[in-house]
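So the protein sequences, as listed, match chains S and D. The opening residue of the first sequence carries number 1 in full-length UniProt numbering; numbering runs sequentially from there. The opening residue of the second sequence carries number 1 in full-length UniProt numbering; numbering runs sequentially from there.
Please keep in mind that the hints were generated in silico from the structure rather than gathered at the bench. Because the structure is a prediction, the values reported are computed rather than measured. Wrong hints could be hidden among the right ones.
What the hints assert, rightly or not - In silico lysine-lysine, DSSO-like type, Cα no more than 30 Å apart, as pairs: (1) S/K157 <-> D/K55; (2) S/K63 <-> S/K90; (3) S/K168 <-> D/K142; (4) D/K71 <-> D/K136; (5) D/K142 <-> D/K59; (6) S/K63 <-> D/K55; (7) S/K175 <-> S/K114; (8) S/K157 <-> D/K150; (9) S/K63 <-> S/K156; (10) S/K107 <-> D/K55; (11) D/K150 <-> D/K92; (12) S/K45 <-> D/K100.
What the hints assert, rightly or not - Each pair of labels, with its calculated beta carbon distance range: (13) S/D184 <-> D/D111: 17 to 27 Å; (14) D/R46 <-> S/P78: 25 to 35 Å; (15) S/K101 <-> D/K150: 27 to 37 Å; (16) D/I95 <-> S/Y96: 41 to 51 Å; (17) D/P91 <-> S/K63: 21 to 31 Å; (18) D/K59 <-> S/E160: 14 to 24 Å.
The beta carbon of each residue, even a glycine, is placed where N, CA and C say it ideally should be.
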Amino acid sequence: MARDRGTPEVNAGSMADIAFLLLIFFLVTTTIASDKGVSLRLPPKAPDTQQNEVRKNERNIFKVLVNSSDRVLVNNEPMTDLNELRPLVKEFVMNYGRDPKLSESPKDAVVSFKADRGTSYATYIEILDNLKGAYNEIYAANVGLTVEQYLKLDRKKPREKKMYEDSKIGRDGNKIPMSISIADPTKSGS
Amino acid sequence: MSKFKKKSKASQDIPTSALPDIIFMLLFFFMTTTTMRTDDIKVQQRFPAATQLSKIEKKSLVSYIYVGAPKETSRFGTEPVIQINDVFAEPKDLILYVAKEKDKLADYERDQITMAMKVDKEAKMGIVTDVQQSLKDANALKVLYTSIQKRKDS
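Let's have the full structure, built from the sequences with the hints guiding it.
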């Protein structure tokens, strides 16, 4: 009587329990990957003997200094609002020799960033972010994108990769290098 | 009466055979979106916010350095320290660490090694600089300061 009723069924009620157990295991042992950040290339180690032998023309260096109480000095003038930094860097890099005080060409321009040992890391990242932001704004403008769109370019796709490469070419045909130089810090702070 | 009773009996159990499917779906979601925690982090990790973030292109090329105040302040104090793998380290230990990490990579990838610096925002630049000097000595020049996306309005 019972045999002809319905198809035979596997008892799958405990399957959910097993899956739950696995799920909880993964929830506990994993972290959501937070592998995003501000990338930077450190300057190579300077030879001990002849440091600062190659001197750049003074006008090609944009100096940013931060002291141990997080006060910022840009080209020897104090700056309180860090939002002013980006336009200044852009103006400096994209000068093409017009203003005798600013850089000769984007190729020669160097942004020198020097922090003190007592500078807080948060300030350091904020300034570095602004410096990179200025360069990214230049690159993004070269290909007619907004900075957000520019940062989302996927270099695995050929079309977007080409766009990425084109963005680095300045209007004089030369590449605009992102020359942000991290100088060795002063030792005054703690 | 008997007819009525029969009807109620038939609707009593809820079909739960689809439940494992739903749970499995959740499970797969978590399995794919998360990574195994390799290091037992012993230092504070609150990252600064930034806007110009770049993603790591190749995970295998990345090694991590953690900097921050120790979580166990009663035992290790409140001064920020460096942690590599599972232990606290001195800046000079990084040279060996980088060499070991480079050994894990193929020859042609060795100069592309990226050091992800997971630095707490309360830390001072002094310790970060010490780390960077060691990285320069170890010839690992690509660094990534791990940070979180800054909100537009702030």
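Here is what the structure says about each hint:
Annotation: proposed proximity of S/K157 to D/K55 holds, straight-line Cα distance about 15 Å (limit 30 Å). Between S/K63 and S/K90, the direct Cα distance comes to roughly 14 Å. Compliance with the 30 Å bound is thereby established for this hinted pair. For a cut-off of 30 Å, the pair hint linking S/K168 to D/K142 stands: about 20 Å separates their Cα positions. With a CA separation close to 28 Å, the supplied pair D/K71 and D/K136 stays within the 30 Å bound.
Note on D/K142 and D/K59: the hinted pairing holds, with a Cα-Cα distance of about 14 Å set against a maximum of 30 Å. At most 30 Å may separate the alpha-carbon atoms for a hinted pair to count; S/K63 and D/K55 meet this at roughly 28 Å. Simply put, S/K175 and S/K114 have alpha-carbon atoms about 25 Å apart, close enough for the 30 Å limit, and the pair holds. A hinted pair counts as satisfied when its Cα atoms are at most 30 Å apart, and S/K157 with D/K150 qualifies at roughly 26 Å.
As the CA atoms of S/K63 and S/K156 are separated by approximately 35 Å, the hinted pair breaks the 30 Å bound. With a C-alpha separation of about 26 Å, the suggested pair S/K107 and D/K55 falls inside the 30 Å cut-off, and the hint holds. Distance check on the hinted pair: D/K150 and D/K92 sit about 33 Å apart at the alpha-carbon level, beyond 30 Å; violated. The suggested pairing of S/K45 with D/K100 holds, with an alpha-carbon distance near 20 Å, which does not exceed 30 Å.
A hinted range of 17 to 27 Å holds for the C-beta pair S/D184 and D/D111, which are about 22 Å apart. Under the hint 25 to 35 Å, the C-beta atoms of D/R46 and S/P78, about 29 Å apart, fit the expected range. Between S/K101 and D/K150 the CB atoms are about 32 Å apart, so this pair conforms to the stated range of 27 to 37 Å. Between D/I95 and S/Y96 the beta carbons are some 43 Å apart, a value that agrees with the proposed interval 41 to 51 Å.
Taking 21 to 31 Å as the suggested C-beta distance range, the pair D/P91 and S/K63 conforms, at roughly 27 Å. Roughly 21 Å separates the CB atoms of D/K59 and S/E160, a value that falls within the hinted 14 to 24 Å.
Of the numbered hints given earlier, the model fails hints 9, 11; all others are met.
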